[in-house]
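Q: Here's the letter readout for the chains.
There are 2 protein chains.
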Amino acid sequence: MSQFFNEKARLVTESIDGLQRAAGNPATTTLDGYPHIKVICRTDHKSSRVALISGGGSGHEPSHAGYVGKGMLTAAVCGEVFASPSFDAVLAAILAVTGKAGCVLIVPNYTGDRLNFGLAAERARGLGKKVEMVIVGDDIAIPGLAQPRGVAGVLFVHKIAGYLAEKGASLEVVAAAARSVAAKVVSLGISLSSCTLPGAGREDRVPPGQAELGLGIHGEPGVDQIDFRGAKAVAEILCERLFKQVGKASSYALLLNNLGSTTLLEMGVLANEFLSAASGRKIKLVIGPGLLVTSLDMHGFSASLLPLSRDYAAALAAPVAPAAWPGARVPGKLRRWKLPTGIKSKSEKPSGNASMEQFLSKCCNLLIAMETELNTLDAKVGDGDTGSTVATGARSLKAHITTLPLANPARLLSSLSDLLGKSMGGSSGVLLAIMFAAASQAIESGETWARALQQGLARMKEIGGAKTGDRTMIDALEPALAALASGKPLAIAAVIAREAAEATASMQRAGAGRSTYVSAAKLTGIPDPGAVAVAKLLEGLAAV
Amino acid sequence: MSQFFNEKARLVTESIDGLQRAAGNPATTTLDGYPHIKVICRTDHKSSRVALISGGGSGHEPSHAGYVGKGMLTAAVCGEVFASPSFDAVLAAILAVTGKAGCVLIVPNYTGDRLNFGLAAERARGLGKKVEMVIVGDDIAIPGLAQPRGVAGVLFVHKIAGYLAEKGASLEVVAAAARSVAAKVVSLGISLSSCTLPGAGREDRVPPGQAELGLGIHGEPGVDQIDFRGAKAVAEILCERLFKQVGKASSYALLLNNLGSTTLLEMGVLANEFLSAASGRKIKLVIGPGLLVTSLDMHGFSASLLPLSRDYAAALAAPVAPAAWPGARVPGKLRRWKLPTGIKSKSEKPSGNASMEQFLSKCCNLLIAMETELNTLDAKVGDGDTGSTVATGARSLKAHITTLPLANPARLLSSLSDLLGKSMGGSSGVLLAIMFAAASQAIESGETWARALQQGLARMKEIGGAKTGDRTMIDALEPALAALASGKPLAIAAVIAREAAEATASMQRAGAGRSTYVSAAKLTGIPDPGAVAVAKLLEGLAAV
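In order, the protein sequence lines correspond to chains D and A.
Just so we're on the same page, this note's numbering is the position in the first sequence counted from 1, plus 1296.
Just so we're on the same page, this note's numbering is the position in the second sequence counted from 1, plus 1296.
In case anyone wonders, no lab produced these hints; they're calculated from the structure.
Accuracy of the hints is not assured; some may be wrong.
Identical copies go unnamed one by one, so any copy, or any two together, can satisfy a pair.
[Claimed, not checked] Derived lysine to aspartate or glutamate pairs resembling EDC-like cross-links, with alpha carbons at most 16 Å apart:
| no. | residue 1 | residue 2 |
| --- | --- | --- |
| 1 | LYS1304 | GLU1376 |
| 2 | LYS1629 | ASP1328 |
| 3 | LYS1480 | GLU1835 |
Generate coordinates for the entire structure from the input sequences, incorporating the hints supplied.
A: Written as structure tokens, this is what we have:
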């Protein structure tokens, strides 16, 4: 399975560089230790402040490099994909950013990370640095595990410790707060697929109709495979397990983390379930949904809960520099504005006009009579339904004719627009609706029928995008309306329309509509059915 | 293929509601028209300002609902997945937010959207609203197409028109600016997969090793299938085509859009290619990489270019309320800080100490001699390499013995830490390195050898996570060191270690290391190889 990178050996470093370039952030830098040492640091860190350093294998972006910046991490150490960074990379990060206030290492709990961060901490202490290490194991997937994994809940530690460090709290205070948050946060993930390892591919492990509960963020299999019964059921299972494990509190912060390829549509549905559930009432801050601690392109998500205190809430809500932090928000109550009046067209009062009624009836009869002929023509250059579409619109008009405001031209045109928009179907119905609506406004403002229809046609061309010469009904309609507008009689307009319709037979390329997909060879010699319909209608009307 | 939603009919509305809840934004609302009318509006829009309305089918999240807020859209109209909203939904949006200043409809160019927005515009005009419509067709995939598709470049229109509208510009000015941006922006996408339609699945259309160039954001097939030759080649193709089509300018804005499931790792590599290419020097603003106008979970991306003027740059850089807008940044130059000194352990000056040399040699010989026995034991309860790991460390130490600072206990322990961390391999090497580094600091501060090693062991336990009783070398090492620290002779410590090692044979569950994966039945009766190694070493040392 292809992926957008060059060589696997340069995947992580090139990605870090690209994100650094795109971030355009003058307050971060990398250390000059590629390929082995991949460290991103703040350049605006003060030595009087406690430094916060985290990291781990890559493949969890934006973690952790994305969280380097004022108010969160001072440095992030990146390993290769799903592999711990070496201890000397961690040591480089510690030495690069740790001042007299010391540093706290925030380590998501995986053996390799714990050991390499641990050894680096010892070395740094040997070099005179004050180093505290906090291990975060927030995953509750495996009950009673002595060494639970560190997953997305680590972000609560980054954020709260980062807030305190920025405020100038001492090493002891920052480390104690980080440990306290780490001890309180619980997380659980679920997925519908594994993830694609760069250069290796994806294991099809989750059978259709199943979901993996309690998977790891390195693609480790879940603890259970369960029947997948939709978003609501999934949210209920996660809520139940998380609220059972988390310490009792009156309010909680929820972090909703997209593990990779879950669409924002799905994440929205999940957020709706979590926040509208009974237990959701206790959620007073929400972080995400978003790509926060990913597992490459895994189709899954995780939820993390932290019992809230006033201090935690303030720390979580404080603004920070890193763009990857989505902010912590007080969940909103759903608001609904009433629909504006005016969406439904006012049903116009019918009004009589015998000659108009007769004229419209005649139009309808003529159009209905063309059905087969137009369909046959359209079958050669399109999808064979022009006649049916035209006849459907005409039948609907004929059925409603006595309900129309026949005595008022503007209202009549507006009603025709309504009727055809609703009943004719296809693009043509909407296009004619646009034409009649625009014509209604024109006639209202004092134009003649012919000029009003010309203006309607202009609007239809603008919206529909077809031009003269594009092999559409416009080719016949436009010159015919121009003739009528200049005072020529209907019979002349009919002749002009017919000539124009015949001329479409030699147009070798359609510029709009279904005929755009038909080759020149097949089009040649066949006139456009829409243009023919216009010609036939005018001929019929002229032949009194 | 399962996805995280409930019923398809409620997918879009539940998702909108979930994102509204999670956004916690008091300045947006939905209209009460579900399921048919799905409109998100600003509640803080002033009628003296031009309203901006966009929309289209869903499946492109965060477009367009995510961009509703101060400085961007006034309202977004959402259709079902990949289907245009109906004209009355658009009309509802227009009527809900359009004041005396009028509104501009920003419509990505697809027939259904153009027609439904167009008809809604006519109806709104008929109801007395001032409405302008701007169609955006930024896709350059199909050369010479009269009606190019609207893709991610539409965001440039949202942002620049939004900036002007917020500033109080007139309808004419805002509409003209929107048209001008729409005429200038060019976009092109490429993908390695199609997308998964909710409830329908994913078409496996792109063969391995191929990429689709010029695909549509509704999963329409690309214009070309090309050989995929990595990120650099892809960026070069896109750059070449985009710069060929775009108007000449001295600087450009680049928008890098993740179409769905491309990992942030990959997007970083792509950003690196675009921004480090020769043409990249002309890119003075970058938006993304990010999920901006997606195509569900498509594994692909698009790039959009806009020639920059000073006005455009100011408009793009202005802050806005919608969280989905990632900001426009001046691409950063890569910075590299020099690696801090102190990462490489100083190579200590060798110093002689005959008895220490003899003691260490003896340790090494004893450990090397155990190789086969320990491997055999480990084969029963682990992966059969304990003996080899121990012997590897011992051989390395033996080879370096005369290069060590044998006369200085603290430096010697620190050098042992270095040596074992580098040469022994596996977790055990790092764990011993941690122990000796911590012991070095303890002995430096005046502790005895035995007490210093005890402190080292405590640190190793803390970092490694194994406790007494977890069936590891700790079970023998801890009581033996305690005996030595309390002044007992080596022979007694050896007896204690042996007893403790034998006792591990009855521990039915390993709490750390590979034996955690082995069943109690297999463990019973077999002592832990690490604990045995400690006992045998002490026995050997005691048996002078």
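Q: Evaluate each hint against the coordinates.
A: Tested hints:
1. In this assembly of identical chains, LYS1304 and GLU1376 lie within 16 Å of each other by CA distance solely inside one copy; the values are 9 Å within and 39 Å between copies.
2. Only between protomers do LYS1629 and ASP1328 lie at most 16 Å apart by alpha-carbon distance; the minimum there is 14 Å, versus 49 Å within a single protomer.
3. Proximity of LYS1480 and GLU1835 under a CA criterion of 16 Å is satisfied in neither setting, with 83 Å inside one chain copy and 45 Å between copies.
The structure shown violates just one earlier hint, number 3.
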